[in-house]
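**Q** The lines below spell out each chain.
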Amino acid sequence: MKALRTIALVAAAIVALVPLLWMVATSLKSNQEITQAGTLYPHAPTLENYRNLFSDHDYGSYLTNSIGITAISVLVSLVLGTLAAYAIARYRLPLQAQRHIGVGLLTLRILPPIVIIVPAFLIVERLHLLNTWIGLIVIYTAFNVSFVVWMMESFFREIPVDLEEAAMVDGDSRFTAFRRIVLPLAGPGLVATAIFAVIVTYNEFLFALVLTSTPSSQTMPVGAATLIGRIDIDWGAMSAAGVIGAVPIIVFALLVQRHLVRGLTMGAVK
Amino acid sequence: MAAQRTARARLQGAGFDRFLPYLLLAPAVLLVLAVVVYPLVYGVQTSTKFYRFGTAISDVGFAQYRQAWNDPLFRGALWTTLKFVTAAVAIETTLGLGLALLCVRELPFIRTLRMVLIVPMVITPVVVGIVFRLIYASDVGLFTSLSGLVGGGSIGILDNERGAFWGLVFLDVWEWTPLIFLILLAGLQSLPQEPFEAARVDGAGTWRTFVDHTLPMLTPVLVVAIVLRSIDAFTTFDQVYVLTHGGPGTATQLISIYGYDTFFRFQQYGYAAAMLLMVALIVLACAFLGIRLIRRQAATA
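First to last, the sequence lines map onto chains Z and B.
In this text, residue positions in the first sequence follow my numbering: the first is 563, and each later residue adds one.
In this text, residue positions in the second sequence follow my numbering: the first is -13, and each later residue adds one.
Note that these hints are calculated values from the structure, not bench results.
Where hints are given, some of them may not hold.
Chain B regions said to be covered by chain Z (calculated; three or more residues, Cβ under 8 Å) [to be verified]: (1) 101 to 109; (2) 119 to 125.
Rough simulated footprint, nothing fancy, chain Z against chain B, three-plus residues with beta-carbon under 8 Å [stated by the list, open to error]: (3) 11 to 19; (4) 214 to 222.
From the three backbone atoms N, C-alpha and C, an ideal C-beta is built for every residue, glycine too.
Here chain Z stands alone, though its shape is the one from the complex (with noise of 0.2 Å):
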């Protein structure tokens, strides 16, 4: 029993990783061994896809823009979304505008994002922001505000008011308080929720596909995507690309792994 417990999980293990390894292997080849030599693994190991995808196809441009759009748009909704997660969670507001308010937010989260990319292309189209980072990190941080608020006001509900009324007595106003006691006790919870905000975020598509058509303003995902389109299939580069934009990702991962599975399934289950 024991041992057929190890072999599935070790053939899960295999699924999950066979397929990344395959366009691992992909892009150390070259184009002529790609096509024709069908081999396995790379027999003579290049870093010529690499190499061209930078120099030939504005990669550099589109992971700067992908990780600059990120920190912004995640940093800022951050903020706005924990001060109103704490607003909801520590007052009663008249008409329970507050919970209102929680659950309006929440019924924006089920709400697919699709379905507001035609009005949001030509919102953005007239206001001139098509081809800017302004336009998608406007954007990007309100759907993360509406996931912030969700996480944040359940990770303060989880705090004693009592913890902040002692400190008030003790004579801290209520901003030294927040500072002091919720936000340390809050902390792994917003760690939890800013790694969930940056993995969407950096993986977005539909909106930069739709909103940006200069390498300037591109993010990773659409460039990557774009490599398809042109000509016949180049696979070194598409692998390359792919390498490329699962690397920062995969890396952010492993340096947040004890905060992860709890953020990435918080997220769901919450």
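With chain Z's structure known, arrange chain B on it following the hints.
**A** Structure of chain B alone, referenced to chain Z:
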């Protein structure tokens, strides 16, 4: 006592503090109103106009909704999407549950395995599309290379309709089984131990214990996982865009791809807006039903 009262007063709101919650809420709420709610309204308005080559030429009211409903391509895409979601989620749930049951008693390499299984779901969906194109391709793909080793010919999964559809389903299974696995693993680990100990004392077999105890207690978590994954799978776009862009023929033309093409390729903005709003209504209705189902499960559990 007096100090406590001042603190409470400060918490409940007096002076400046009375406006504080509104101040904290305002930026987030205004941003979401401007970027999500306003476009939704604008989208409804757009859906009542007829566009040709990106220019609105006439007001047609809600006629384009009826047009979508009678559009064989729209219906076909809806049907394909439904088949895709059902097949993918059913396979993912079965495999995810199996893996979670195997893993619930910790093994030495469980951490490594968990890390490995997380990779497919965190990497960029577009890259997932690239990965599977590289595997399925008839000229340079993994299957063709393997078949070459044993003297076989080329294998092109994406060249025929059935192959492309199931190729897409397998892509989704590869990418998202880990999510169901993680949710169910967390669910299994949080189950109380007593019923299992009692069952063991009674001499119940593994299968009986599973059917009598594990499954009923796990059902609420199972429903959550299935509902969430189905909602998400319903608007799958990125992977299909890269893998097949709907082809061959309309074999993998999911509703999101048809909506995107109507919008961006054929520039029928109004018609696309109407179709996508209908899709959103379907998703919201499913989500609503799902949430009710979860609530009822929670109430009876």
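**Q** None of the hints should be skipped; say for each whether it holds.
**A** Evaluation of the provided hints:
Only when three residues or more bring their CB closer than 8 Å to a CB of chain Z does the claim for the segment 101 to 109 of chain B stand; here the count is 9, and the claim holds. Beta-carbon proximity to chain Z at under 8 Å applies to 5 residues in the segment 119 to 125 of chain B; the threshold of 3 is reached and the given coverage holds. With 6 residues bearing a CB less than 8 Å from a CB of chain Z, the segment 11 to 19 of chain B meets the requirement of three and the coverage assertion stands. A stretch counts as covered by a chain when three or more of its residues have a beta carbon under 8 Å from one of that chain; for the segment 214 to 222 of chain B and chain Z the count is 4, and the coverage holds.
Going down the numbered hints, you'll see the structure goes against none, and every one checks out.
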